[in-house]
Amino acid sequence: DTAVSQTPKYLVTQMGNDKSIKCEQNLGHDTMYWYKQDSKKFLKIMFSYNNKELIINETVPNRFSPKSPDKAHLNLHINSLELGDSAVYFCASSPLAGGPSGETQYFGPGTRLLVL
Amino acid sequence: GENVEQHPSTLSVQEGDSAVIKCTYSDSASNYFPWYKQELGKRPQLIIDIRSNVGEKKDQRIAVTLNKTAKHFSLHITETQPEDSAVYFCAPFSGGYQKVTFGTGTKLQVIP
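Each protein sequence line maps, in turn, to chains Z and B. Per this note's numbering, residue 1 is the first one in the first sequence, and the count goes up by one each step. Per this note's numbering, residue 1 is the first one in the second sequence, and the count goes up by one each step.
Some hints here could point you the wrong way.
Quick list of in silico lysine-lysine cross-link-like pairs, DSSO-like style, CA-CA up to 27 Å [as the list claims (entries may be wrong)]: (1) Lys67/Z - Lys99/B; (2) Lys22/Z - Lys42/B; (3) Lys99/B - Lys68/B; (4) Lys71/Z - Lys9/Z; (5) Lys71/B - Lys57/B; (6) Lys44/Z - Lys22/B; (7) Lys22/Z - Lys68/B; (8) Lys71/Z - Lys107/B; (9) Lys71/Z - Lys99/B; (10) Lys41/Z - Lys22/B; (11) Lys68/B - Lys52/Z; (12) Lys42/B - Lys36/Z; (13) Lys71/B - Lys22/Z; (14) Lys71/Z - Lys36/Z; (15) Lys67/Z - Lys52/Z; (16) Lys9/Z - Lys107/B; (17) Lys52/Z - Lys22/Z; (18) Lys42/B - Lys99/B; (19) Lys68/B - Lys19/Z; (20) Lys71/Z - Lys42/B; (21) Lys36/Z - Lys22/Z; (22) Lys44/Z - Lys68/B; (23) Lys68/B - Lys22/B; (24) Lys9/Z - Lys58/B; (25) Lys19/Z - Lys71/Z; (26) Lys19/Z - Lys40/Z.
Sample of chain Z residues facing chain B (criterion: CB under 7 Å; computed from the structure) [stated by the list, open to error]: (27) Asp38; (28) Lys41; (29) Ile45; (30) Leu54; (31) Ile55; (32) Val60; (33) Phe64; (34) Ser65; (35) Ala87; (36) Gly110.
If the Cβ cut is set under 10 Å, some of the chain B residues that face chain Z in the computed set are [what the hints assert, rightly or not]: (37) Gln45; (38) Gln98; (39) Phe102.
Rather than coming from a laboratory, the hints here were simulated on the basis of the structure. Heads up, the beta-carbon is just placed ideally off N, CA and C, and yes, glycines get one too.
Chain Z on its own, in the form it takes in the complex:
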């Protein structure tokens, strides 16, 4: 009965490679997010989608491209990986952006990306 799931859990890759992370939620939420958590534990939002539409796009290199095929899935593709991309990437969902409880974030388990 996993609520928000991500794959893979660990990702070790060489600089310059392209990789994807997948996220799925079975909570029926309308809004999904990608966050990056660096080695100092800062949690920074990257993207937010509401019902498959991009609503937040922070200052993120265009090597990062999110894609939401439907409101239960949000994937993240990263081109030409760099050393500085090493971090934990969390997917999250919330019931309804703008709704009375729309702000609570439900996080996935995270994907630990290490670029060598």
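Using the hints, position chain B against chain Z.
Here is chain B on its own, set in the frame of chain Z:
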């Protein structure tokens, strides 16, 4: 954008003592004030939240207090236990399609 700061950044307490973490924000339109707990190697999870029409909320050993005038809210943990050791984040929010800005995090260590 919203500036969100937490103090202290690290906190060590003896088991059984109380811990208080403060979150200061800049957006006066903020109306939702949650606290998340992230254990080592795990995902952040909501532990308590409060809305701007309430000044204080309590749930067993944890409580959140809000001072909207001064733009800060605090997490209070009483009778701390080793399992309270984690990083705690605040994430004040103003609603709608605004982005959620997480605080800088506070690492709490409870010493047995």
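For each hint, the structure was consulted:
{"no.": "1", "hint": "Lys67/Z - Lys99/B", "result": "18 Å, holds"}
{"no.": "2", "hint": "Lys22/Z - Lys42/B", "result": "18 Å, holds"}
{"no.": "3", "hint": "Lys99/B - Lys68/B", "result": "20 Å, holds"}
{"no.": "4", "hint": "Lys71/Z - Lys9/Z", "result": "21 Å, holds"}
{"no.": "5", "hint": "Lys71/B - Lys57/B", "result": "17 Å, holds"}
{"no.": "6", "hint": "Lys44/Z - Lys22/B", "result": "19 Å, holds"}
{"no.": "7", "hint": "Lys22/Z - Lys68/B", "result": "39 Å, violated"}
{"no.": "8", "hint": "Lys71/Z - Lys107/B", "result": "34 Å, violated"}
{"no.": "9", "hint": "Lys71/Z - Lys99/B", "result": "18 Å, holds"}
{"no.": "10", "hint": "Lys41/Z - Lys22/B", "result": "17 Å, holds"}
{"no.": "11", "hint": "Lys68/B - Lys52/Z", "result": "34 Å, violated"}
{"no.": "12", "hint": "Lys42/B - Lys36/Z", "result": "14 Å, holds"}
{"no.": "13", "hint": "Lys71/B - Lys22/Z", "result": "37 Å, violated"}
{"no.": "14", "hint": "Lys71/Z - Lys36/Z", "result": "21 Å, holds"}
{"no.": "15", "hint": "Lys67/Z - Lys52/Z", "result": "8 Å, holds"}
{"no.": "16", "hint": "Lys9/Z - Lys107/B", "result": "24 Å, holds"}
{"no.": "17", "hint": "Lys52/Z - Lys22/Z", "result": "15 Å, holds"}
{"no.": "18", "hint": "Lys42/B - Lys99/B", "result": "23 Å, holds"}
{"no.": "19", "hint": "Lys68/B - Lys19/Z", "result": "44 Å, violated"}
{"no.": "20", "hint": "Lys71/Z - Lys42/B", "result": "24 Å, holds"}
{"no.": "21", "hint": "Lys36/Z - Lys22/Z", "result": "14 Å, holds"}
{"no.": "22", "hint": "Lys44/Z - Lys68/B", "result": "24 Å, holds"}
{"no.": "23", "hint": "Lys68/B - Lys22/B", "result": "13 Å, holds"}
{"no.": "24", "hint": "Lys9/Z - Lys58/B", "result": "35 Å, violated"}
{"no.": "25", "hint": "Lys19/Z - Lys71/Z", "result": "22 Å, holds"}
{"no.": "26", "hint": "Lys19/Z - Lys40/Z", "result": "23 Å, holds"}
{"no.": "27", "hint": "Asp38", "result": "11 Å, violated"}
{"no.": "28", "hint": "Lys41", "result": "5 Å, holds"}
{"no.": "29", "hint": "Ile45", "result": "5 Å, holds"}
{"no.": "30", "hint": "Leu54", "result": "11 Å, violated"}
{"no.": "31", "hint": "Ile55", "result": "5 Å, holds"}
{"no.": "32", "hint": "Val60", "result": "12 Å, violated"}
{"no.": "33", "hint": "Phe64", "result": "16 Å, violated"}
{"no.": "34", "hint": "Ser65", "result": "19 Å, violated"}
{"no.": "35", "hint": "Ala87", "result": "14 Å, violated"}
{"no.": "36", "hint": "Gly110", "result": "6 Å, holds"}
{"no.": "37", "hint": "Gln45", "result": "7 Å, holds"}
{"no.": "38", "hint": "Gln98", "result": "8 Å, holds"}
{"no.": "39", "hint": "Phe102", "result": "4 Å, holds"}
In this structure, the earlier hints numbered 7, 8, 11, 13, 19, 24, 27, 30, 32, 33, 34 and 35 are contradicted, and the remaining ones agree with it.
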